[in-house]
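S.K.: Residue strings, one per chain:
There are 2 protein chains.
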Amino acid sequence: MRTLKHSRQREAIKEFLMTRTDHPTADIVYDNLRNEFPNISLGTVYRNLALLSEIGEIQKLTTGTGADRFDGNINPHYHFICKECHCVQDLKMDTMDALTEEASKHFDGKLDGHLAYFYGTCGDCIKKS
Amino acid sequence: MRTLKHSRQREAIKEFLMTRTDHPTADIVYDNLRNEFPNISLGTVYRNLALLSEIGEIQKLTTGTGADRFDGNINPHYHFICKECHCVQDLKMDTMDALTEEASKHFDGKLDGHLAYFYGTCGDCIKKS
DNA sequence: ACAATATCAGTAATGATTTCTATTATCGAA
DNA sequence: TTCGATAATAGAAATCATTACTGATATTGT
Numbered sequence: 001m002r003t004l005k006h007s008r009q010r011e012a013i014k015e016f017l018m019t020r021t022d023h024p025t026a027d028i029v030y031d032n033l034r035n036e037f038p039n040i041s042l043g044t045v046y047r048n049l050a051l052l053s054e055i056g057e058i059q060k061l062t063t064g065t066g067a068d069r070f071d072g073n074i075n076p077h078y079h080f081i082c083k084e085c086h087c088v089q090d091l092k093m094d095t096m097d098a099l100t101e102e103a104s105k106h107f108d109g110k111l112d113g114h115l116a117y118f119y120g121t122c123g124d125c126i127k128k129s
Numbered sequence: 001m002r003t004l005k006h007s008r009q010r011e012a013i014k015e016f017l018m019t020r021t022d023h024p025t026a027d028i029v030y031d032n033l034r035n036e037f038p039n040i041s042l043g044t045v046y047r048n049l050a051l052l053s054e055i056g057e058i059q060k061l062t063t064g065t066g067a068d069r070f071d072g073n074i075n076p077h078y079h080f081i082c083k084e085c086h087c088v089q090d091l092k093m094d095t096m097d098a099l100t101e102e103a104s105k106h107f108d109g110k111l112d113g114h115l116a117y118f119y120g121t122c123g124d125c126i127k128k129s
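As they're listed, the protein sequences go chains X and H. Numbered according to my numbering, the first sequence spans residues 1 to 129. Numbered according to my numbering, the second sequence spans residues 1 to 129.
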């Protein structure tokens, strides 16, 4: 069987994500990890981000523009994507389970959950314009 | 100013999407269009799919696994993605505007709308297992 | 300490999408 | 109906994000 061995790189990747709320890309994680691990490889970052999101310790966000982003916060929540500056923000709502349940009524398979991406203009970009 | 000129290829791409409910990828559109346009270029397909979704005549779906998919149905609806066979199905719900409104209450920018992707196992895959 | 093997760094390869360039098609105006 | 401006094309090359490969290193149970 495949056992999971500890890795300092993987631990550091997860710790880094926990300190951020801006949903960084693999590239940004890589740049920051190089302080602690000057020789870390981008492949290692990608491999561990994929592993961590597979086992549910982080969340992968596919926004549709640019690279995937990663979120260290795995509490259920939605995301907002600004169409001007492309920033990504958390959006807490307590109706998520209800929506999955409602959707299940109209569906003949089995629903496990859902993701939602809200789009619009963020507060900062509104001020600037 | 940039004016839009008619193109038989673009028209055919849109017409093809209207005949399908399975949300094909650019590659699949390309393969099918070659019947009518033996020399059509994949670049042309991508360019027109991007243009059509920019002007709101089709919808682009970024599923997180594999290539983007495209939907000729622009009536508001959600999508379901099967985690077994990766098929994509429409999921009609009449609470979409209400969810955007609800989310707006907790957000300091301006929300235009949202996309949601439900995941789980489709009816066919349940039968097979 | 040793053996088994998961993980690594570094690099090459892949897949999806975009960009570039010279040619062709569209369309309003003459 | 032709002309000129330019949007759109085919085909190919380039880019971007991500994954796979390879030989070396780190981790863990015994």
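Any given hint might turn out to be false.
A pair holds if it fits inside one copy or across any two, identical chains being indistinguishable in the list.
[As the list claims (entries may be wrong)] Derived pair list, reagent style DSSO-like, types lysine-lysine, alpha-carbon separation capped at 27 Å:
1. 105 x 128
2. 128 x 110
3. 83 x 110
4. 92 x 128
5. 14 x 128
6. 127 x 92
7. 5 x 92
8. 60 x 110
9. 83 x 128
10. 5 x 128
11. 105 x 83
12. 5 x 105
13. 127 x 60
14. 5 x 60
15. 110 x 127
16. 105 x 14
17. 127 x 5
18. 60 x 92
19. 110 x 92
20. 110 x 14
21. 105 x 92
Just so you know, these hints were derived from the structure itself, not from any lab. Just so we're clear, the structure is a prediction, and the values are computed from it rather than from any experiment.
S.K.: So, for every hint listed, does it hold in this structure?
M.R.: A quick look at each hint next to the structure:
1. 105 x 128: Classified as between; 22 Å across copies, 44 Å inside a copy.
2. 128 x 110: between (45 Å within a copy, 13 Å between copies)
3. 83 x 110: Between. Shortest inter-copy distance 11 Å satisfies the 27 Å Cα cut-off; intra-copy 33 Å does not.
4. 92 x 128: So residue 92 and residue 128 pass the 27 Å test inside one copy only (25 Å; across, 37 Å).
5. 14 x 128: neither (34 Å within a copy, 37 Å between copies)
6. 127 x 92: Classified as within; 23 Å inside a copy, 36 Å across copies.
7. 5 x 92: neither (34 Å within a copy, 44 Å between copies)
8. 60 x 110: Answer is both; intra-copy 22 Å and inter-copy 24 Å each pass.
9. 83 x 128: Close inside one copy (14 Å), not across copies (41 Å); limit 27 Å.
10. 5 x 128: This pair counts as neither: shortest intra-copy Cα distance 48 Å, inter-copy 34 Å.
11. 105 x 83: between (33 Å within a copy, 19 Å between copies)
12. 5 x 105: neither (42 Å within a copy, 45 Å between copies)
13. 127 x 60: Cα proximity of residue 127 and residue 60: none, with 30 Å in one copy and 29 Å across.
14. 5 x 60: within (22 Å within a copy, 40 Å between copies)
15. 110 x 127: between (44 Å within a copy, 11 Å between copies)
16. 105 x 14: Neither: 37 Å inside a copy, 32 Å across copies.
17. 127 x 5: For residue 127 and residue 5, neither the intra-copy (48 Å) nor the inter-copy (36 Å) Cα distance is at most 27 Å.
18. 60 x 92: Cα proximity of residue 60 and residue 92: in one copy and across copies (17 Å, 25 Å).
19. 110 x 92: both (25 Å within a copy, 16 Å between copies)
20. 110 x 14: This pair counts as neither: shortest intra-copy Cα distance 31 Å, inter-copy 32 Å.
21. 105 x 92: both (24 Å within a copy, 11 Å between copies)
Hint compliance for this structure: hints 5, 7, 10, 12, 13, 16, 17, 20 are not met, and every other hint is.
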